[in-house]
Structure formats: C-alpha cells, structure tokens
Amino acid sequence: MQINVKIKRYNPEADARPYWAEYKLEARGSDRVLDVINHLKWEVDGTLAFRRSCAHGICGSDAMLINGVNRLACKVLVKDLGERITIEPIRGLPVLKDLIVDMEPFFDSYKAVLPFFINDDPPPPGERYQSAEDRAVFDETTKCILCAACTTSCPVFWTNGRYLGPAAIVNAHRFIFDSRDQGAAERLGVLNQANGLWRCRTAYNCTEACPRDIPITRAIEEVKRALLWRGA
Amino acid sequence: MYRGREGQWAFVLHRMSGVALALFLLLHVIDISLVMWGPDGPFNAFLAFYHQWPFRVGLIVVIAGVVYHALNGLRIIMMDFTEWGVRYQAALWYGVLGLTTLIGIPVLWKIVPEILGIA
Numbered sequence: 000m001q002i003n004v005k006i007k008r009y010n011p012e013a014d015a016r017p018y019w020a021e022y023k024l025e026a027r028g029s030d031r032v033l034d035v036i037n038h039l040k041w042e043v044d045g046t047l048a049f050r051r052s053c054a055h056g057i058c059g060s061d062a063m064l065i066n067g068v069n070r071l072a073c074k075v076l077v078k079d080l081g082e083r084i085t086i087e088p089i090r091g092l093p094v095l096k097d098l099i100v101d102m103e104p105f106f107d108s109y110k111a112v113l114p115f116f117i118n119d120d121p122p123p124p125g126e127r128y129q130s131a132e133d134r135a136v137f138d139e140t141t142k143c144i145l146c147a148a149c150t151t152s153c154p155v156f157w158t159n160g161r162y163l164g165p166a167a168i169v170n171a172h173r174f175i176f177d178s179r180d181q182g183a184a185e186r187l188g189v190l191n192q193a194n195g196l197w198r199c200r201t202a203y204n205c206t207e208a209c210p211r212d213i214p215i216t217r218a219i220e221e222v223k224r225a226l227l228w229r230g231a
Numbered sequence: 000m001y002r003g004r005e006g007q008w009a010f011v012l013h014r015m016s017g018v019a020l021a022l023f024l025l026l027h028v029i030d031i032s033l034v035m036w037g038p039d040g041p042f043n044a045f046l047a048f049y050h051q052w053p054f055r056v057g058l059i060v061v062i063a064g065v066v067y068h069a070l071n072g073l074r075i076i077m078m079d080f081t082e083w084g085v086r087y088q089a090a091l092w093y094g095v096l097g098l099t100t101l102i103g104i105p106v107l108w109k110i111v112p113e114i115l116g117i118a
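Protein chains in written order, with numbering that gives the first Met the number 0: chain S, 0 to 231; chain L, 0 to 118.
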C-alpha cells in the first residue's frame with residue numbers, strides 16, 4: 000500500500016525551528032513503523048536521525064509520538080495506523096535532532112528515586128527469601144524498560160519538566176514494595192518533595208502509552224497511599 | 000494535540016473548571032462586597048448589569064463547572080483511595096458527565112426562559 004509519512008524534523012545546525020517533512024512510499028501492512036523509518040533513512044534520506052537498538056520492544060530506544068500517541072516504533076504496525084502516519088519526537092524533553100531527544104533529565108529523575116536494592120543486613124547464607132505473594136506485589140513495575148513513553152505523555156511533565164514523572168515513580172514502586180528492601184523511607188522522602196509524587200493529576204496518559212502494559216497510574220496511586228499512611 | 004483518552008480530558012476539564020471557578024469566586028466576592036455601600040451604592044447597579052443575557056449564559060457555565068468539578072473531585076477521591084476507582088476511572092468519568100448533564104436539566108429549565116425573556 001501507498002503510505003504518507005509526516006515526520007517532524009529539526010537539525011539545530013541548519014534549521015531555525017522544527018518543520019514537517021513528508022514522504023510517500025510503498026509499505027506493507029505488516030511493516031512496523033521502525034521498518035518504515037529505517038527504509039526512509041537507508042533509501043531516501045540518510046540525514047534522518049532517530050534512536051533504535053534491539054528493534055523488538057525491549058531496549059526502549061525508539062519511543063516516538065506516532066499519530067498522536069506515544070509508542071515504540073518497533074511495536075506498532077502500519078496496518079494499525081492506516082495510510083497517513085505522523086511521527087514526532089516525544090514531548091517535554093529537549094530535541095537534539097529530528098526524533099532524538101536529550102534523555103538526561105529523564106534519567107536524572109530515574110536516578111533520584113534510588114532505583115537499586117537497599118539492604119544493609121549481612122547477606123544470608125542462601126538467598127534473601129521472598130514468597131511468591133510478596134513478589135507479586137511489585138511484579139508489574141519490574142517490567143519498565145525506561146523508554147520514557149509514559150513520562151513524555153504526561154501533561155504535567157510537558158509544563159513542568161522538573162516533575163519526576165511516571166517512569167521514576169514506577170521504578171520507585173518496584174523497590175518500595177519489595178519485601179527485601181529497606182530503602183522505602185528514603186525513596187518516599189524523595190517522592191514527597193515539591194516536584195515529586197503529588198504532581199500526578201491522574202490523566203492516565205502514562206498507563207495508555209506504556210508499551211509494557213504496566214498499570215502505571217495504579218502503581219502511582221499505591222505509592223501515594225504508601226506515602227500517606229506510612230509517612231516520609 | 001496528544002490523543003489522550005478519558006483520563007486526559009477529565010484532567011483538562013477539571014483544571015479548566017477549577018481555574019474558572021477560582022476567578023469567578025474572586026469576582027463574586029468583589030461584587031457582593033459592594034453591598035457595603037448600601038442600596039444606593041453600586042451593588043444594585045451591578046446586579047442589574049449581571050441580569051443581561053450573556054451573564055445568564057455564563058451562569059449556566061458556572062453551574063456546570065461547579066457540578067463537574069465537585070463530581071469529578073469525588074471520582075478523584077475514589078481513584079486515590081481505592082483500586083476500584085482506578086480500574087473503573089473511565090466509566091466513572093462518563094458517570095460524572097452524565098450526572099452533570101442530568102443536574103443541568105433543571106438549571107436550563109430555570110434559566111433558559113429568563114434568557115429568552117419569557118419568564
């Protein structure tokens with residue numbers, strides 16, 4: 000089928016502001032958007048810049064705003080979008096070139112919530128035992144691939160780039176609810192700050208954007224309740 | 000425009016109605032306080048001014064804003080305190096819109112004839 004692809008492009012060395020570039024090309028319904036932009040880059044215009052790595056929905060490199068919704072270019076098929084495809088860089092992060100944004104502010108927020116196991120007890124001789132029930136409490140939030148589709152779909156994040164954002168809260172949730180971890184109070188303290196957890200206005204864009212189907216808003220609400228009842 | 004779904008529009012409407020009501024409240028406090036200058040002061044003149052039809056239409060919008068903001072606030076409380084609220088947030092939002100419309104019917108019944116000058 001013939002498709003029409005519109006890409007918001009920007010080269011800071013040549014362009015005063017971003018502009019829309021349009022391309023007409025042949026594609027199959029079973030092609031992924033990543034196949035389409037790979038084809039554009041390899042066969043049509045080598046200057047088109049975007050990130051991709053694994054191309055199988057695991058590395059989280061190719062989150063883009065595709066037809067008005069954040070998704071991974073490697074996980075969405077042309078047949079599900081139709082003949083007109085619009086691609087923009089994800090919002091709220093500075094655009095470096097074309098579809099590439101500066102992810103540093105995103106990773107700074109991620110690091111701020113101490114996304115690592117904290118337990119000062121000496122390691123037991125065997126494993127640190129955790130029951131299946133205790134593991135299930137935070138199962139969903141272990142699935143995050145840090146693609147930023149959630150954080151950059153959040154209306155609060157668009158207007159306040161210092162908001163930690165859903166991805167950071169999801170990764171805090173993963174450790175706060177881990178029965179073996181002892182750093183919950185410290186993390187809740189970070190989340191209780193002005194640009195932390197309470198900026199969430201439950202718009203659910205994050206939950207709908209997540210390519211890993213993490214129930215993000217539910218996780219954020221669980222952390223809110225933890226902060227409310229446990230204190231920080 | 001980001002193609003968000005129910006949650007995004009619930010948030011946008013909640014924010015817009017919240018800001019509008021805050022501004023309205025400010026205006027309301029100012030005009031009611033004019034009563035301090037007595038019956039011959041500016042209060043009655045202002046009241047007559049507000050009886051013009053554009054302000055009547057505005058009144059419908061204000062009531063819709065109050066009702067929506069209150070009901071969606073209850074939806075937010077349910078989401079904040081129960082798993083159930085998060086799971087059914089979209090259905091709850093349609094409920095909020097439905098109830099706002101339902102409550103709007105008697106409001107329209109009262110105010111529209113006043114606007115048309117038949118009451």
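For the record, the hints were derived by calculation from the structure and aren't laboratory data. Bear in mind that the values here come from a model prediction, so they are computed numbers and not experimental data. A portion of the hints provided could be inaccurate.
[To be verified] Here are the in silico distance ranges between beta carbons for each label pair:
1. L:Tyr87 x S:Leu76: 27 to 33 Å
2. S:Lys142 x L:Leu101: 36 to 42 Å
3. L:Leu33 x S:Trp197: 23 to 29 Å
4. L:Tyr93 x S:Pro121: 50 to 56 Å
5. S:Thr158 x L:Val106: 45 to 51 Å
6. S:Asp119 x L:Arg14: 40 to 46 Å
7. S:Arg161 x L:Val106: 38 to 44 Å
8. S:Leu76 x L:Thr100: 36 to 42 Å
9. L:Leu33 x S:Lys142: 39 to 45 Å
[Unchecked claim] One-sided excerpt, in silico: chain L residues whose CB lies under 10 Å from chain S:
10. Arg2
11. Trp8
12. Phe10
13. Leu20
14. Ala21
15. Arg55
16. Asp79
17. Glu82
18. Gly97
19. Val106
20. Lys109
The beta carbon of each residue, even a glycine, is placed where N, CA and C say it ideally should be.
Numbers of unmet hints, in rising order: 3, 5, 9, 13, 14, 15, 18, 19 and 20
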